[in-house]
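Each chain, letter by letter, is given below.
Protein chains: 2
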Amino acid sequence: MERSQDYFNLSVTDFLKKLSSESPTPGGGSAAAVAGAMGAALVSMVCNLSLGKEKYLEHENLIKTSLEKANLLLENLLQCARDDVNAYNEVMNAFKLPKDSTPDKNLKIENACKNAIIPPENTIKNCEEIIKLAKNLFGKSNKNASSDLNCAQVLAEAGIKSALENVKINLNFIGDENYIKQKNLWLENF
Amino acid sequence: MERSQDYFNLSVTDFLKKLSSESPTPGGGSAAAVAGAMGAALVSMVCNLSLGKEKYLEHENLIKTSLEKANLLLENLLQCARDDVNAYNEVMNAFKLPKDSTPDKNLKIENACKNAIIPPENTIKNCEEIIKLAKNLFGKSNKNASSDLNCAQVLAEAGIKSALENVKINLNFIGDENYIKQKNLWLENF
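Chains as they are written, first to last, in this note's numbering: chain A, 37 to 226; chain B, 37 to 226.
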């Protein structure tokens with residue numbers, strides 16, 4: 037199996053080439069997490085452009101804690117991008133199992149798909165936190181970077197929407213009715 | 037001035053770190069273009085995963101031309117990301133001009149802001165093309181990658197929304213009423 041970590045050590049240009057290639061990984065799930073990571077990075081940037089500025093001194097605590105949180109969310113989302121590659125590779129491995137020699141092939145596919153739902157779910161959770169951070173910083177951070185705060189929100193929302201697509205497509209290969217019911221209930225929140 | 041090209045030769049991880057730093061470039065404008073570029077890359081991936089497959093042979097021409105277009109849009113958007121860095125650096129240079137020694141400082145700021153509107157406008161145009169490509173491919177390309185086609189659209193939409201933020205913030209520093217009127221008319225399309 038290819039080592040997923042390498043994709044995020046690639047240059048941005050080469051990562052995009054790899055994303056566009058016929059290899060299914062990295063795919064939409066990783067792109068979702070990278071979009072969210074860009075949102076987190078922009079929240080951090082706005083905090084960095086506000087820290088120590090007299091105008092925003094009264095919000096210094098909010099800015100500092102937001103910066104710490106955004107940096108952590110960025111790391112989390114990079115991990116989601118890596119996890120998505122690994123989990124989707126396992127899905128493909130399960131699909132490639134020989135039909136006859138593996139009586140439990142369907143169960144292996146189902147389990148791999150359940151595991152592949154975890155990274156996009158984590159992407160969604162982290163992106164929701166970015167939106168909260170950005171909303172709290174409006175009017176309390178460098179106003180020259182207010183467009184970056186808006187961009188952060190837009191990118192985190194795109195991370196959520198793209199990750200949801202990846203949750204839904206994996207549900208198609210799962211027969212476990214209780215699991216499906218629970219996930220459909222969760223999906224109703226969006 | 038820092039060479040903007042270098043940002044996209046950085047690894048994804050390092051690009052995100054640079055995006056999060058207190059340096060205003062790369063900022064939201066570049067992130068918008070990268071989001072769009074990920075959308076273009078996913079359209080290319082879906083085409084690559086469909087080409088030569090018997091099921092989609094009747095759509096081979098559409099898939100081939102879509103692939104060519106998506107690859108071009110990806111390149112265009114990477115260029116938008118680079119151009120955005122350069123244009124925004126010029127805006128900052130204009131703001132840094134000494135007040136007294138430069139009687140035309142305001143005009144220089146205004147011109148730099150007008151130039152800084154061009155890259156996000158181009159990001160928007162290219163992202164609109166990605167959405168058209170993705171919409172046309174639904175039902176005519178590898179259905180296992182349909183979630184990637186949805187992600188492509190979501191990311192291109194995020195590219196448009198984020199780029200719009202960058203158009204709007206630059207308009208704040210422009211006094212030319214005719215120019216503003218024309219841009220506001222254009223903004224009404226979104």
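Don't take every hint at face value.
Identical chains blur together in the list; that is why a pair holds if it fits in one copy or across any two.
[As the list claims (entries may be wrong)] Derived DSS-like pairs (lysine-lysine); straight-line CA-CA distance at most 30 Å:
no., residue 1, residue 2
1, Lys135, Lys161
2, Lys168, Lys141
3, Lys132, Lys168
4, Lys53, Lys141
5, Lys168, Lys204
6, Lys141, Lys217
7, Lys217, Lys132
Source of the hints: derived by calculation from the structure; they are not laboratory data.
- [ ] Up to 30 Å between alpha-carbons, please classify lysine 141 paired with lysine 217: within, between, both or neither.
- [x] For lysine 141 and lysine 217, the Cα distance is within 30 Å only inside one copy (23 Å; across copies 63 Å).
- [ ] Could you figure out if lysine 135 and lysine 161 sit no more than 30 Å apart (CA to CA) within one copy, between two copies, both or neither?
- [x] Neither, since 36 Å and 47 Å both go past 30 Å.
TODO: Measure nothing new, just compare the shortest in-copy and cross-copy C-alpha distances for lysine 217 and lysine 132 to 30 Å and report within, between, both or neither.
DONE: within (28 Å within a copy, 59 Å between copies)
- [ ] Up to 30 Å between alpha-carbons, please classify lysine 168 paired with lysine 141: within, between, both or neither.
- [x] neither (42 Å within a copy, 38 Å between copies)
Open item on the list: If the cut is 30 Å between Cα atoms, do lysine 132 and lysine 168 qualify within a copy, between copies, both or neither?
Closed with: neither (41 Å within a copy, 33 Å between copies)
Open item on the list: My question is about lysine 53 and lysine 141: at a cut-off of 30 Å on alpha-carbon distance, are they close within one copy, between copies, both, or neither?
Closed with: Result: close neither inside a copy nor across copies, 33 Å intra and 42 Å inter.
Open item on the list: When Cα atoms must be at most 30 Å apart, do lysine 168 and lysine 204 count as within-copy, between-copy, both, or neither?
Closed with: both (24 Å within a copy, 23 Å between copies)
Hints 1, 2, 3, 4, counting from the list given before, are not met by this structure.
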